[in-house]
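Trainee: Model the full assembly from the supplied sequences, consistent with the hints where possible.
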Amino acid sequence: MTSDLLHQILRRRAGAFCLVVLILFYVAAFFAPLLAPYATSDQDLTKTYHPPTGVVWQEGRLAVRLYKLVDPTCAKYEAEPGQFAPIHFWVKAPTYHFLGFIPVSHRLFGVEAPARLYLLGSDETGRDVFSRLLYGSRVSLTIGLIGILITTVIGLTVGGLAGYFGGVFDSVAMRGTELIMAIPGLYLIIALRAALAKYFDDSDQIFILIVVILSFIGWAGTARVIRGLTLSLRNRPFIYAAEALGQGPVTILWKHLFPNLFSYLIVTSMLSIPGYILGEAALSFLGIGIQEPSTSWGLMLSQVQDLKVFMLNFWWLLTPGLAIFITVILFNVLGDVVRDIVDPKLKTQV
Amino acid sequence: MNAPATPLLQVENLKVHFPITAGLLQRRIGEVKAVDDVSFTIERGTTVGLVGESGSGKTTIGRALIRLVNPTGGTIRYNGKDITFLRESQFRPYRKKIQIIFQDPYNSLNPRLTIFKIISEALEIHFPALGLEQRRARVAELLGKVGLKPEHMDRYPHEFSGGQRQRIGIARALAVEPEFIVCDEPVSALDVSVQAQIVNLLQDLQEELGLTYLFIAHDLAVVEHISDFVLVMNQGKIVEAATAEAIYQNPQDPYTKRLLDAVPKI
Ligand SMILES: Nc1ncnc2c1ncn2[C@@H]1O[C@H](COP(=O)(O)OP(=O)(O)OP(=O)(O)O)[C@@H](O)[C@H]1O
Ligand SMILES: [Mg+2]
Numbered sequence: 005m006t007s008d009l010l011h012q013i014l015r016r017r018a019g020a021f022c023l024v025v026l027i028l029f030y031v032a033a034f035f036a037p038l039l040a041p042y043a044t045s046d047q048d049l050t051k052t053y054h055p056p057t058g059v060v061w062q063e064g065r066l067a068v069r070l071y072k073l074v075d076p077t078c079a080k081y082e083a084e085p086g087q088f089a090p091i092h093f094w095v096k097a098p099t100y101h102f103l104g105f106i107p108v109s110h111r112l113f114g115v116e117a118p119a120r121l122y123l124l125g126s127d128e129t130g131r132d133v134f135s136r137l138l139y140g141s142r143v144s145l146t147i148g149l150i151g152i153l154i155t156t157v158i159g160l161t162v163g164g165l166a167g168y169f170g171g172v173f174d175s176v177a178m179r180g181t182e183l184i185m186a187i188p189g190l191y192l193i194i195a196l197r198a199a200l201a202k203y204f205d206d207s208d209q210i211f212i213l214i215v216v217i218l219s220f221i222g223w224a225g226t227a228r229v230i231r232g233l234t235l236s237l238r239n240r241p242f243i244y245a246a247e248a249l250g251q252g253p254v255t256i257l258w259k260h261l262f263p264n265l266f267s268y269l270i271v272t273s274m275l276s277i278p279g280y281i282l283g284e285a286a287l288s289f290l291g292i293g294i295q296e297p298s299t300s301w302g303l304m305l306s307q308v309q310d311l312k313v314f315m316l317n318f319w320w321l322l323t324p325g326l327a328i329f330i331t332v333i334l335f336n337v338l339g340d341v342v343r344d345i346v347d348p349k350l351k352t353q354v
Numbered sequence: 105m106n107a108p109a110t111p112l113l114q115v116e117n118l119k120v121h122f123p124i125t126a127g128l129l130q131r132r133i134g135e136v137k138a139v140d141d142v143s144f145t146i147e148r149g150t151t152v153g154l155v156g157e158s159g160s161g162k163t164t165i166g167r168a169l170i171r172l173v174n175p176t177g178g179t180i181r182y183n184g185k186d187i188t189f190l191r192e193s194q195f196r197p198y199r200k201k202i203q204i205i206f207q208d209p210y211n212s213l214n215p216r217l218t219i220f221k222i223i224s225e226a227l228e229i230h231f232p233a234l235g236l237e238q239r240r241a242r243v244a245e246l247l248g249k250v251g252l253k254p255e256h257m258d259r260y261p262h263e264f265s266g267g268q269r270q271r272i273g274i275a276r277a278l279a280v281e282p283e284f285i286v287c288d289e290p291v292s293a294l295d296v297s298v299q300a301q302i303v304n305l306l307q308d309l310q311e312e313l314g315l316t317y318l319f320i321a322h323d324l325a326v327v328e329h330i331s332d333f334v335l336v337m338n339q340g341k342i343v344e345a346a347t348a349e350a351i352y353q354n355p356q357d358p359y360t361k362r363l364l365d366a367v368p369k370i
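Heads up: the protein sequence lines correspond to chains A and B, in order. So the first sequence is residues 5 to 354, counted in our numbering. So the second sequence is residues 105 to 370, counted in our numbering.
Everything labelled a hint here was simulated from the structure, so no lab data went into it. In this text the structure is predicted, and so the values were computed from the model without any measurement. One or more hints might be untrue.
Unchecked claim - Straight-line alpha carbon distances no greater than 25 Å define the calculated DSS-like cross-link-like pairs of lysine-lysine that follow: (1) B:253 - B:221; (2) B:221 - A:259; (3) B:185 - B:119; (4) A:72 - A:312; (5) B:341 - B:119; (6) B:249 - B:201; (7) A:259 - B:201; (8) B:185 - B:200; (9) A:259 - B:200.
Mentor: As structure tokens, then:
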């Protein structure tokens with residue numbers, strides 16, 4: 005089933021493209037400490053708002069142009085003609101524990117200080133936007149996956165049991181979901197954030213807090229749909245056949261109901277991951293999400309809420325927004341492709 | 105067997121009412137009397153036909169016998185023992201004795217499981233001592249019994265025709281080595297040519313294994329062919345009970361006469 009689905013996705017051009025690009029994104033996020041030339045908080049106050057450095061082929065190797073600050077008042081840099089710093093591969097760097105336990109003391113590429121390699125420019129304290137984008141993607145990309153995992157487990161349990169057993173549990177559970185869905189999402193997020201903040205005061209725990217909040221809001225919709233699907237599956241004769249054989253309710257849910265919800269779950273997961281990415285971005289943008297020294301795409305965007313960025317056209321500082329945009333689109337298109345595969349009847353008519 | 109032998113199944117004044125509920129706490133505001141005061145007896149090794157039009161409560165009787173719905177009142181005696189209100193754990197031994205075959209061959213097999221897994225589920229529950237190889241051998245044997253091939257066992261339900269799926273459903277019911285099978289319109293969804301094959305298969309199996317059937321149908325023609333005794337049902341009640349010939353030759357109830365008129369005459 006799973007390998008079959010993968011096969012079908014890869015046979016469609018849009019599906020294969022989105023899947024491959026997303027996998028690249030996740031691989032990049034996973035290997036961020038190796039790929040990023042600098043650490044997230046690696047400042048250089050002499051090179052604030054530095055534009056992306058040009059990369060050229062010079063004397064048989066890659067090299068970056070060197071720049072001179074010509075007007076500090078408006079952060080205007082000019083390339084110095086004929087001045088280059090070669091790009092080295094597998095360079096030594098401060099030791100970092102990859103995955104928390106594998107010591108790594110190299111990076112994939114970099115230039116010798118004091119020259120700086122800014123593939124996507126630098127921010128107001130001279131930190132490398134490209135590196136921060138890579139590190140930030142770890143938060144932004146995993147938040148959706150973890151969130152989906154939590155909501156799916158809660159939604160399956162509550163919705164599955166409600167649909168299977170019905171009765172009082174069903175109506176209480178469904179009123180609960182309605183309560184959550186009746187409160188506008190953003191207010192609920194902010195209220196929960198305020199209420200729960202004192203239990204998650206460490207900045208590392210903020211990530212967990214945000215996942216908890218977003219999942220708390222997200223499970224209701226999943227549970228309702230799962231309940232509806234369970235109700236319709238529940239009266240299928242193969243469920244009765246299992247009951248007639250003496251199979252227990254938990255096994256019936258696990259073996260007969262959930263596998264038949266699998267394709268639905270894949271589709272909704274794909275289509276709701278963007279919600280988590282955008283939710284994190286919104287929270288961080290409002291300053292109540294991810295906090296320094298961690299970083300995320302939303303946090304990076306919030307740090308450039310400055311008229312100067314627009315007036316002086318520091319476009320590279322908006323790349324986190326572009327990254328969010330692209331990721332959301334990729335998940336949506338992939339979700340659509342998967343939906344067309346698993347349920348051709350829902351195919352959107354163009 | 106010594107006279108007087110206990111009938112395999114005795115049903116007395118069986119009632120199944122479904123509550124109609126509303127509101128947050130599922131308050132009861134009425135009920136559907138799907139089966140209302142029904143009594144009949146099924147002798148071991150015989151087939152009792154149950155006919156009636158749609159909604160008359162036939163399926164509900166079948167489901168009450170195999171405890172897919174809880175009876176509201178009355179008694180069901182199986183082999184002389186009252187099984188009407190047994191708890192699920194106490195009813196479990198009867199899950200091995202009573203089985204059911206469903207009307208809709210397209211929905212009675214889990215589309216996500218292979219034929220082996222579908223049939224093997226019955227073995228895992230009631231013959232837990234069997235190992236994988238033994239279960240595969242047994243599934244192959246059961247498939248052979250219903251006229252399918254052992255190599256069919258690793259395929260999925262959608263690869264089979266309606267008639268073949270019904271055979272798989274029969275194999276699943278046979279897997280627990282039951283004594284009594286509720287056949288809930290097992291041929292209604294099939295082509296006429298296939299209907300005869302399935303009816304003949306059920307008859308052969310009855311002869312070979314000494315099975316007892318409650319054979320549900322909505323037209324008299326199918327039932328007349330297979331049944332020793334026929335029950336005619338209308339709106340939750342049994343309106344006529346007689347041997348197949350008696351019903352055919354000399355129907356008493358006006359409802360039975362109407363049902364008979366609906367049977368195409370040759
Ligand atoms: N779970 C249920 N809850 C409420 N009402 C039900 C339920 N199951 C059946 N009924 C009602 O009980 C009555 C009898 O239904 P049943 O399915 O037994 O009829 P049937 O004779 O098998 O009909 P058919 O020939 O269409 O299969 C119908 O009015 C039906 O709506
Ligand atoms: Mg029926």
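Trainee: Please flag the earlier hints that this structure goes against, numbers listed from lowest up.
Mentor: Structure breaks no hint.
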